[in-house]
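Peer 1: Here is what each chain is made of, one letter per residue.
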Amino acid sequence: MSQGERLSMDIEFRGTTKSFGPVQVLHGVDFSLPTGQVLGLLGENGAGKSTLMKILAGFEHATGGSLLVNGVVQHFTSSRDAEAQGIVLIHQEFSLAEDLTIAQNLFLGHEKKRGWGGLLLDEETMRTEAQAAIAQVGLSADVNTRVKDLIVAEKQLVEIARALLRKARVLIMDEPTATLTPTETERLFGLMRQLKSEGVTLVYISHKLDEVERMTDQVVVMRDGRCVAQQPTASLSRQQMANLMVGRELADLYPPKAARPTSATPALRVQGLSVPGWAQDVSFEVRPGEILGFAGLVGAGRTELFEGIMGLRARNAGTVELQGKVQTIRNPRDAVRLGLTYLSEDRKGKGLHVHFGLRENLTLMALERYATPWLQPALEDQALAHAVDEFGIRTGSLHIKASSLSGGNQQKVALAKVLHPGPKVVVLDEPTRGVDVGAKRDIYLLIQKLASQGLAVVIISSELMELIGLCHRVAVMRAGRLQTVLESQQLTEEELIAHATGTH
Amino acid sequence: MPQELTKAAAPAASQAGQWLAKLQGMGPVIGLVLLCVVGTLLNSNFATLDNITNVLTRTAFIGIIAVGMCFVIVSGGIDLSVGSMAALIAGSVILAMNYLSPHLGSPVWTVVLGMALALVLGAAFGLAHGLLITKGRIEPFIVTLGTLGIFRAYLTYFSNGGAITLDNDLTDIYSPVYYGSLAGIPIPVWVFLVVALVGSVILNRTTFGRYVQAIGSNEQVARYAAVDVDRVKLLTYVLLGVCVGIATLLYVPRLGSASPTTGLLWELEAIAAVIVGGTALKGGAGTITGTVVGAVLLSVISNILNLTSIISVYLNAAVQGFVIIAVAFMQRSKR
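Chains as they are written, first to last, in this note's numbering: chain A, 44 to 547; chain B, 22 to 356.
Calculated directly from the structure, the hints in this document are not laboratory data. Worth double-checking, as some hints may not be accurate.
[Claimed, not checked] When the alpha-carbon atoms are kept at most 30 Å apart in a straight line, the in silico DSBU-like pairs for lysine-lysine are as follows: (1) K156(B) <-> K391(A); (2) K303(B) <-> K391(A); (3) K251(A) <-> K300(A); (4) K97(A) <-> K251(A); (5) K239(A) <-> K155(A); (6) K191(A) <-> K156(B); (7) K191(A) <-> K303(B); (8) K97(A) <-> K303(B); (9) K303(B) <-> K444(A); (10) K251(A) <-> K492(A); (11) K210(A) <-> K191(A).
[As the list claims (entries may be wrong)] Looking from chain B toward chain A, a few residues come up when the C-beta cut is under 8 Å (computed): (12) R226; (13) T227; (14) T228; (15) R231; (16) A235; (17) S238; (18) N239; (19) Q241; (20) V242; (21) A247.
No residue lacks a Cβ here, since even glycine has one placed at the ideal position from N, Cα and C.
If we strip away everything but chain A, and leave its shape as in the complex, we get (with noise of 0.2 Å):
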C-alpha cells in the first residue's frame, strides 16, 4: 500500500438524522470532510457537533441518513470499527487508565502478543513502538510512567500518540485547547500542522474563535443540529462566525467596564497565604465592586490557592481578611457564612448535582433559609422561578435534571447556586468552559452587573481575552508564586503571558 492511498479519504455525511428518544438532535446533516486539510467545527453547545462526530467515530449510531467512506455506505457500531477504518475521535474528558503506563495505555486493547501461541504480552516491542509514537509527537517522557503522574498537556499527548499507532487518517479532536495553557497550545498547533502536512486530515471543535480562525482551512458551522454553513476559513471573520453559531447578530461580547472601585474596605484581603505544595506566600484584595482576575498556566497554583482560602485545602501560613477582619476558614461552611463563595471549574465533578433538579441544586448552600423546621418546596420553587428569570437559565420546565440543560444553561445555574447564599465575595473558578458564545455574553453581562451591585469578585480564567474583557486588574500567577497585578491599561495578551511563563 503506497503512502498516498494510506491517506487518502473521503467521508461525507448524507442527510444524517440522530434522535435521543423523543429529542432529535440532528435534523439531517449534509457536508464532506476536505480530505487532508484542517476543517473547524463550530456550534453552540447543543448545536449537534460532538453527535455528528461519535457518530464518525462509531460511539452513536446515526439515526437516518448515510455515512460514505470513501464512497461506501458505512455502519460502524463501535469505535473500532471506525479505528480500524482509520478514524479516531479524542474526547474532551480523555481516555486513559490513569493507572497503567504510557506504553500499556498507547496498546491498550491492541497488545502486542509473543510466544506460545500468543499467550505472553510482548513488553519489549510495545516500549520500544511506545517511546517511538511518543517522540513523534514531541512528548519527552519515560513510556513507564503511569498516566495519572502527567499533566493535562502531556495526557493529551499520548491521546494523539495513541490515534496514530492506530493509523489514524482523520482525528476528530473535540475542544483539545480547553484546559492548556498558550505554550502548550503552540506545540499542540505545530503537532497539527505536522500532521496534516503528512496527509491526515484533521477536525478541530472548538469554542476559541481565535484558534479556528489560526488553525483551520475550512469551517462548518452547526445549529439546532443542522450544517448551516461551509466555507474557507479565510472568507469568514471571527464576528461573522459567531453570528452564524447564535443566528443572530452578536454584540460585542464584552460589556464596557465600569470605573474600578478605590475607596472601600476590601471585602477580601489576603495576605502571604501558602498552600502547600501549591501556593507560596500569596497576598491580594480585591474591593467591593471590583472584578479581580487571576491568570496562569495550568498548574501555576490558582485554583489551589482559592481552596485554600476556602478551607477545602490544608494551608500552613498567612491570613484571610473579609470586610477588614481577620477570620478563621475551616471549611467551604465558615467561607459560606462570613459572606464567601466559590464556583468549581469542575462543574459536573464538583459545581453542580447533576442527577439532582434545578431546585434544590439552587438552594444547597443556602438550605437553612427554606427550613422552618420543614423544608418548603413552594418556597424554593418561588426562589427557582426567580434565578431562572434573572440569571436567563433557558429550560422548558422547573422540574427537570440538571443534566437535561446544555452546558451554559447549566453554568447559569452552577452560577445561581454559588451566590444564592447572598456573598460578599465570589470567587468563580473558569465561569465560561465550555460554554457557547450566546451563554458566555449572558454570564459576563451577569457578572458585570452584580459587580455594580457591590459585589466583590473574583475571576479565575485561562481565557486571556475574557480576563481582559472583564477584570478591573489580573493577578498572574506562575509556579505558585503571584508574579505581578496589571492594572486595566497595562492588560494586553503579550503582557499576561510574558508573567505567566516567566519570560518578562
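Since the structure of chain A is already known, use the hints to place chain B on it.
Peer 2: What follows is chain B alone, placed relative to chain A:
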C-alpha cells in the same frame, strides 16, 4: 421569563419522561400487588386477616432496619453488620435485664431500662461505624464487614455458643410489646409505621435529608457546596443504629432469647428491601415509601413460600438473593 420558557425543548418529551419515571417508581407497588394476587390464587389462607397481620408483624423488624438502611444507602454508604448488631444488642439487653432485675426490684422499670439500653447500644455502634468511616477514612464496606464478625463473635462468646434467655418474670412483663395490639393492629406494626413516617419526613423535609441525598449523588459537589459531609454521613450510621435498636427491642420479647443465629442474614433482607424499593445502590436517590413496599414485598415472598410448597422455604434467602441481584441488574443503566 415566559419568552425563555417557550424557547425550550419539546414539552412532550419531558412529559413522556415524567410518565416513565412515575411508572418506574410504581414498579415495587405493581410487583407487590401481583405477588398478592398470586398468593391468593395459590392458597386461600393468604388473604386472611390473620395471615396479613402476621406478615406485617414479621416485616416490622426488617422494615424498621431498612428505613435506617435507606438513609445509609442514599448517602452512598452501606452497613453489612445490622444482623450481627441486632443479635449482640438482643443478647446484651437480655443479660443486662436479667442482672438488673433483682437489684431494681421492679420488672417494669427493668424492661424500660432494657429497651432504652437497646437504643443506646444501637446509637453507640452506629456512632463507632460513622467515626471509623468518616474520621478513619475507611470504606463502609470494610468497616461493617469487620463489625459483622466482631458483633456476632461477642454474642457467641457471651452466650457460650448457646442461647441467652430472658428471666420468666421479665418475659411476662415484656411480651405485650411484641404480642400486644392497639386498635386491632399489632404494636410492632404501629412502631414500623411511625418509624417509616418519621424517616420519610426526615429524608424529604429536612436539610439533613437533602444533604444525605446530595452526598450520595456526588460527595465532592456537596463538599464544595459547604455541606458538612462527615457529620451528615456519621449521623446516617447513628440513625441506622437507632433503627436496629428499635427493631431489636421489638424482637426480644418475641422469643425472649438471643442465640448465635439471631438476626442471621438480616443485612441481606434489609439491603434487599431498600434496593427492591427503587433506591439506587450508588446512592443519591431513594424513597422511604419504596423501602417499606420493598420490605413488605420480601416478606410476602417468604410467606408464600411458607404457605405453598412450590419452592422449599429453606430457599427463602436464595429467593431474596436472586431478587436483589435481578433488581440491581435492572438498575444498571438507570444512571
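Peer 1: With reference to the structure, classify each hint as holding or not holding.
Peer 2: Now the hints, each set against the structure:
1. The suggested pairing of K156(B) with K391(A) holds, with an alpha-carbon distance near 26 Å, which does not exceed 30 Å.
2. Restraint check: the Cα-Cα separation between K303(B) and K391(A) comes to about 17 Å, which is no more than 30 Å; the hinted pair holds.
3. Between the alpha carbons of K251(A) and K300(A) the distance comes to roughly 22 Å, so the proposed pair stays at or under 30 Å and holds.
4. At roughly 21 Å between alpha-carbon atoms, K97(A) and K251(A) fall within 30 Å of each other, so this suggested pair holds.
5. For the proposed pair K239(A) and K155(A), the alpha carbon gap of about 28 Å is at most 30 Å, so the pair holds.
6. For a cut-off of 30 Å, the pair hint linking K191(A) to K156(B) stands: about 27 Å separates their Cα positions.
7. In summary, the hint linking K191(A) to K303(B) is supported, as the alpha carbons are separated by about 25 Å, within the 30 Å threshold.
8. For the hint linking K97(A) to K303(B), the alpha-carbon distance of about 28 Å falls within 30 Å, and the restraint holds.
9. Restraint check for K303(B) and K444(A): satisfied, since their Cα atoms lie roughly 17 Å apart, inside the 30 Å limit.
10. Restraint check for K251(A) and K492(A): satisfied, since their Cα atoms lie roughly 25 Å apart, inside the 30 Å limit.
11. With a CA separation close to 25 Å, the supplied pair K210(A) and K191(A) stays within the 30 Å bound.
12. Proximity of R226(B) to chain A holds as hinted, the smallest CB-CB distance being about 4 Å (cut-off 8 Å).
13. Checking T227(B) against chain A: minimum C-beta separation of about 6 Å stays under 8 Å; hint holds.
14. Satisfaction of the interface hint for T228(B) is found here, the shortest Cβ-Cβ separation to chain A being roughly 5 Å, below the 8 Å cut-off.
15. Taken as an interface hint, R231(B) checks out: its beta carbon lies about 6 Å from the nearest beta carbon of chain A, inside 8 Å.
16. Contact between A235(B) and chain A, as hinted, is supported at the beta carbon level, the nearest pair being about 6 Å apart and thus within 8 Å.
17. For S238(B), the interface hint holds, the least distance from its beta-carbon to any beta-carbon of chain A being 5 Å, beneath 8 Å.
18. At its closest, the beta carbon of N239(B) sits 5 Å from a beta carbon of chain A; the interface hint therefore holds under the 8 Å criterion.
19. Checking Q241(B) against chain A by beta carbon gives a least distance of about 5 Å; that is within 8 Å, so the hint holds.
20. For the restraint placing V242(B) at the interface with chain A, the shortest Cβ-Cβ distance is roughly 5 Å, inside the 8 Å limit, so the hint holds.
21. The interface hint given for A247(B) is met, as the beta carbon of that residue sits about 4 Å from the closest beta carbon of chain A, less than 8 Å.
Of the hints listed earlier, there is not a single one the structure fails to meet.
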